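Colleague: Okay, here's what each chain looks like letter by letter:
2 protein chains.
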Amino acid sequence: MRIKRIDLQSGETVFEDKIIKESIIKILVNGSELSNIICSPSHLDELAVGHLFSEGFIESAQEISSIKIEKDKMTVNVEFKKEPADSGIEKQYVTTSGYGQAASGINLLHGKGFKPLEKPEIFDAKIILDLFREFQNRSVIFAETGGVHAAALCSDDRIISFKEDISRHNAVDKIIGEALLGRKNGEGLYMLFSGRISSEILVKSLRFGIYLIASRSAPTDRAVELAVKTNIRLIGFARGFRLNVYN
Amino acid sequence: MRIKRIDLQSGETVFEDKIIKESIIKILVNGSELSNIICSPSHLDELAVGHLFSEGFIESAQEISSIKIEKDKMTVNVEFKKEPADSGIEKQYVTTSGYGQAASGINLLHGKGFKPLEKPEIFDAKIILDLFREFQNRSVIFAETGGVHAAALCSDDRIISFKEDISRHNAVDKIIGEALLGRKNGEGLYMLFSGRISSEILVKSLRFGIYLIASRSAPTDRAVELAVKTNIRLIGFARGFRLNVYN
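So the protein lines, in turn, are chains G and Y. Note that the first sequence covers residues 702 to 948 in the numbering used here. Note that the second sequence covers residues 702 to 948 in the numbering used here.
Calculated from the structure, these hints are not laboratory results. Keep in mind that the hints are not guaranteed to be accurate.
One copy or two, either will do: identical chains are not told apart, so a pair holds if it fits within one copy or between any two.
[What the hints assert, rightly or not] Simulated pairs of lysine-lysine, DSS-like, Cα-Cα distance not exceeding 25 Å: (1) LYS774 to LYS719; (2) LYS719 to LYS930; (3) LYS930 to LYS705; (4) LYS705 to LYS772; (5) LYS705 to LYS774; (6) LYS930 to LYS782; (7) LYS782 to LYS769; (8) LYS705 to LYS827; (9) LYS722 to LYS772; (10) LYS719 to LYS783; (11) LYS705 to LYS719; (12) LYS705 to LYS722; (13) LYS774 to LYS930; (14) LYS705 to LYS820.
No experiment lies behind these values; they were computed from the predicted model shown.
Work the whole structure out from these sequences, hints included.
Modeller: Here's what the structure looks like:
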């Protein structure tokens, strides 16, 4: 789009620039509306599957019989092989709200699908920092527009999945969804992340089963507390040659 | 807390560092639970009032007879003079979810409390960029911990309110709440913001009545579209001596 730039030193210019896309998609399960998600409109199948898993509606992608994306209506129609077991949970999502103000995932901490690790895993700081350089380089393409978050799933010394979204949460759900659709869970994998690590992001990661989250940004106190309790490795401020270990 | 830093060049050090606080507060209205909000635990009264306003439960702070904060229980008890009019809206919030994935505020676009401006207001780029320097300096205090968002409400050439939160949305709700408690709406005021301007932030701002939002970060396409439709001034990438005007 055409944008006017005002520069106090050199005056006004009009130029063409890219702009971040924001869409609202509706997830329908067996024909009923479950969630409205504000997102970057890409990888909607991965997003839907990751969202359904993170929110406790499914334990694996095998519970899904079909996914149909209708781009014009911005809907993702997910058919479950059977009705979701916990209709109590379901009701919460009929019309969602919250925009980062709400307490998603917290129920999961007290419920099923939450497996603490036996002990913190050993990790190699050099590999993580090397991968972060690759992560940053990939992000640069979209960083043009500013304000987009990225998450990557890693195995050993390489990135196996990389996704971006205007929402931190969606970026994570997209890599989770992609793994699940490939019939993988997070066991033996770890995650690189661009954004703040809140307790919600930690809970998602725990449920998925990864052993380490590393971010360029900071964790919150509740995320650290949870990480210590559950033996998930938590790394913040991974930049250049340095990183901080929070447990 | 004690953090271990690994530096590939100079080795490991252990040091004390601050960490971002994350809390979950419950907002109760006339004794019934309305919302769970993940937030930075400060200015909870402003946050509650801003949240109630932004979500369409109140039109002004005069509808509230009392606010009681119970820090130990992390609850904010709000008493309305009468029951909220629209019990249909209320139901959506009994147990919120969504963590930035949901479609908050969207209903408001189609409902009451949404006033397009007659025409875009004139603004002074120099004043905005000067205030952004002040804004950045204030943010620096908390920027130590990383990952916190800030919003400021401005009148003429000065900042009249400045608030921070781990959530972009809460930062905005806190400045809105503070203004409402002082019996002001946004008329004739404008906002500085640290984060991405999504359609949700734009809708909040419109409802509150400010005429301009300026961010250090980028707007999304939907935010620009809405801004053009409603004549709210939208400024992005306000940094140093430059800013971009999106409508």
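Colleague: Against this structure, judge whether each hint is valid.
Modeller: For each hint, the structure was consulted:
1. LYS774 to LYS719: within (24 Å within a copy, 46 Å between copies)
2. LYS719 to LYS930: between (43 Å within a copy, 20 Å between copies)
3. LYS930 to LYS705: between (51 Å within a copy, 18 Å between copies)
4. LYS705 to LYS772: This pair counts as neither: shortest intra-copy Cα distance 31 Å, inter-copy 47 Å.
5. LYS705 to LYS774: Classified as neither: same-chain Cα gap 32 Å, cross-chain 49 Å, threshold 25 Å.
6. LYS930 to LYS782: The answer is neither: 35 Å in one copy and 44 Å across copies each exceed 25 Å.
7. LYS782 to LYS769: within (14 Å within a copy, 47 Å between copies)
8. LYS705 to LYS827: between (43 Å within a copy, 15 Å between copies)
9. LYS722 to LYS772: within (14 Å within a copy, 39 Å between copies)
10. LYS719 to LYS783: neither (43 Å within a copy, 48 Å between copies)
11. LYS705 to LYS719: within (13 Å within a copy, 40 Å between copies)
12. LYS705 to LYS722: So LYS705 and LYS722 pass the 25 Å test inside one copy only (19 Å; across, 38 Å).
13. LYS774 to LYS930: The answer is between: 22 Å across copies meets 25 Å, while 43 Å in one copy does not.
14. LYS705 to LYS820: Answer is between: at 18 Å across copies they meet the 25 Å cutoff, but 54 Å inside does not.
Violated hints for the displayed structure, listed by number in ascending order: 4, 5, 6, 10.
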